[in-house]
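When you get a sec, could you build the whole thing from the sequences and use the hints?
First residue of the sequence shown? That's 1 in the working numbering, and the numbers climb one at a time after it.
Treat the hints with caution; some may be incorrect.
[What the hints assert, rightly or not] Between beta-carbon pairs, the in silico distance windows are: (1) 179 / 281: 24 to 32 angstroms; (2) 136 / 201: 29 to 37 angstroms; (3) 283 / 179: 43 to 51 angstroms; (4) 149 / 99: 16 to 24 angstroms.
[Claimed, not checked] In the DSSO-like style, the derived pairs of lysine-lysine whose C-alpha atoms are separated by at most 27 angstroms in a straight line are: (5) 98 / 143; (6) 50 / 160; (7) 98 / 50.
No lab work stands behind these hints: they were computed from the structure. Where is the CB? At the ideal position from N, CA and C, for every residue including glycine.
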Amino acid sequence: MLPYVGSGDYCYSNSLHMALRGSGAASEEVPLPGFLECLTTMPFGHAFLKRGETVQFFFDGLDPHRGLTRAIETLGWTCQLTQGGDEQAALERLALAKGPILVGPVDMGYLTYNPNAAYARGADHFVIVLAVEQDIVLLHDPKGYPCVPLDLKAFLQAWKAKAIAYTQEPFIMRSDFVRVRQPGRQEMIAQTLPLLAENVRDDPGGPQVYGSVRAIRLFADYLRAGAHPGLCGELIYFAFPLAARRMLDAVSFLQEGGLNELAGLFEQKARLFGQAQAVAVRKQWHAVAELMDRLAALEERVLAVLP
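Take a look at the structure:
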């Protein structure tokens, strides 16, 4: 299938691309964001979270913080990763950092330059800090907001990331990017394959977090029972479009690694996510559930052919 080029929510991969370019890498030395996304292993795996009446579903490896660390190491770069402490300590680290600073996760609900911020409280995001000028932080936000100023107080609230489930530490940042080796693309793919297989197979088994095929089947059952309005919005505005794009980038990644059978299965998954988007917009949730059943069957085939 023709690769997709267009808008999409690749915040940490786009931010990583900017950070590496801003740290001296030439354009031909930094893979495109779709390849970077696969190096994070985030396009691989599924997670169903249930905490009381709150349900979340992720068509990904769940933890982009870990994914960024994986990608940076695989690319042959190092960086200074710092986290925790209070606001003053975080600002001091920010002032001492060299080069572009990859910050995140941050809570999108506090990014007040975004006209949809009020509806995004608790959503994770990643941005590049360009400078701190008195009480203003200058950012490149890959959501579509370059060179945008943000009030320092709002930035600190976002950076605390209190509502982000996959991290327990506030004020996470990566800076001082340095290349220590230059692996080829085939080497990077080979290094990533065991990690992406780990994501696909991972199933914590509950009672709050489930993974792999079981997560997809639980999600299908949940949709059949009547989807929560908030989750419906997340699916049609974010999760389904993002998942379809990720699957297509995974197709290219796997084909480049010579895994054509596996790539074919991911192409089928991309088509299912596109179909799910079309019927979810019409609120045909039983039809979406049936597509998720087909996705679960495909994921079983993925498990069977993983290297």
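Any hints this thing doesn't respect? Which numbers, in order? Violated: hints 1, 2, 7.
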